[in-house]
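2 protein chains.
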Amino acid sequence: MNFKEELQAKTEQAEETLKQYLPEEKGYQKTVLSAMNYSVLAGGKRLRPILMKETYEMFGGSGRVVEPFMVAIEMIHNYSLVHDDLPCMDNDEYRRGRKTTHVVYGEGMAVLAGDALLNYAFETAALAFELPEVQEDVSLLKAVGKAMGILAVKAGVYGMIGGQTADVEAEEFPPEKVTEDLLLFIHEHKTAALIQNAMMIGAVLAGASPEETAKIEKIAYNIGIAFQIQDDILDVTSTLEVLGKPVGSDEKNHKVTYVTLNGLKKSEEEVKRLSEEAMKELGSFGKRNLFLEKLVEDLITREK
Amino acid sequence: MNFKEELQAKTEQAEETLKQYLPEEKGYQKTVLSAMNYSVLAGGKRLRPILMKETYEMFGGSGRVVEPFMVAIEMIHNYSLVHDDLPCMDNDEYRRGRKTTHVVYGEGMAVLAGDALLNYAFETAALAFELPEVQEDVSLLKAVGKAMGILAVKAGVYGMIGGQTADVEAEEFPPEKVTEDLLLFIHEHKTAALIQNAMMIGAVLAGASPEETAKIEKIAYNIGIAFQIQDDILDVTSTLEVLGKPVGSDEKNHKVTYVTLNGLKKSEEEVKRLSEEAMKELGSFGKRNLFLEKLVEDLITREK
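Each protein sequence line maps, in turn, to chains W and D.
When we follow the working numbering, the leftmost residue of the first sequence carries the number 1, and every step to the right adds one.
When we follow the working numbering, the leftmost residue of the second sequence carries the number 305, and every step to the right adds one.
Next up, chain W with everything else stripped away, as it sits in the complex (with noise of 0.2 Å):
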């Protein structure tokens, strides 16, 4: 299998984990169960879940503790995704080519099922414990304690929705109020914060020390925030063609971008900078994962 095949087996992978811990459409609470599930299966990549897989079996992990997370971590994405979507907040009516929940459901229920999928990712996670591998091993026991609160810190008000917030008040901002040091801020809390979320719980389920985990936090943090300067480096260059939306939107919207601070060589040169050294880090470890290594390259260095 070259990358792409493999990628594309463990998305599948990924997304039949998903399904299994789904809950079933019954009982009078049964509309705000056919809207999470509607938000969860309307497609992605599963790229969080994938992460912290490859990271668990990097560190050595092969048991069954790390599906639940796998579950929970991408209901804390979709959850926020249908958050988003609300009119109070971007007020989208589309996503990934399907109407989003609140159009569907109602934004009353929609706001219950953004809930609903931020309560039920703490619920599967719970789940881990109740694993007889968990509960006849103190230090997994210990680990799933550990991997709870990366869980709800990561996803928090000093990660995700920390950022979010930032994000929300900056786009009312007048430009010279953004600083580089609040596009940093918001990069690393709204994107970084889930991709470490995913990557240090893979790391701690597998039994990986706290020097370790520190190191994947920071490699994690320096994927997210390639990532997020390389949209923005693609917003400049891309084509309408390659990227699906009018080039230079940014601009157009007189959004201040880590590119429109520092411009287009010095933002490619710190995507290669920030890439470069979470490749080496990543590198380093007494064992490899070399679909893990690609799979980080090219989240980076995409070209769409």
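Hint data in this document are derived by calculation from the structure and do not stem from the laboratory.
Hints may be right or wrong, so weigh each one.
Calculated cross-link-like contacts (lysine to any residue; reagent style SDA-like; alpha-carbon spacing at most 25 Å) [unchecked claim]:
(1) W:266 to W:303
(2) W:218 to D:330
(3) D:330 to W:97
Using the hints, position chain D against chain W.
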């Protein structure tokens, strides 16, 4: 101390515990942190944390492990109020005499603040894993894992959110579609589930057996349903002066309640039956907690 003074003292203790875990309002995400604190510190009876701690003590618990969970359940209660008050839900501009979160911080920020509180509940609860008393005691470690599961399940689609979904939909139903079965589903999930959540976690963290925990679940069910029917009775019988809202507002709103379905007499009998059963069961454990018994009695037989 009489009961009222004791309740007052315990409410202040719960308030103090809560304040220790609230986020500091600083950083680029300061607005969402302020909105969280604004909503949590609006007052309130802190009933769920008190029920949790009293149940914990009834089963002999005396550690600090219950504290993060007391905070977590209060945050879940508060996030549900913030989202319920949104314009696309109940559209309430005042709560406890203060402007609601979305009126003060805007609708988008209120969505984020609700999400943040729900997330922070699990973030706070997960701190329990790191307590030395938990790290050193495998049964307590397992109990904390179990408590995380209860926290999530009873707040989610098979708990509070499930009840909220059914309630939102029932409001649009013609009266004949609102059956007793549906009403009891709503009361069980929207009201009783968080009381079960609080009391079951208290029991589990103190080392209660599965049988004892199941008994507590049933007791909390009775308390929740009796509380809710009593609420409907008061709507009919109470005067404006005592209750602070027009008498019979449910009837004016054509709202189907347990009382409109079954009449006052049968409703009062049912409150009495549920209440007596709960009190009998609550007094049947090896150890008793007389304050808890009085609190439960007070909740159910209140006249406002």
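Here is how each hint holds up against the structure:
As the CA atoms of residue 266 of chain W and residue 303 of chain W are separated by approximately 18 Å, the hinted pair is consistent with the 25 Å bound. Proximity of residue 218 of chain W to residue 330 of chain D is assessed by CA-CA distance (about 24 Å); at most 25 Å being required, the pair is judged to hold. The hinted pair formed by residue 330 of chain D and residue 97 of chain W fails the criterion: a straight-line CA distance of about 38 Å is larger than 25 Å.
Hint violations for this structure: number 3 only, all remaining hints satisfied.
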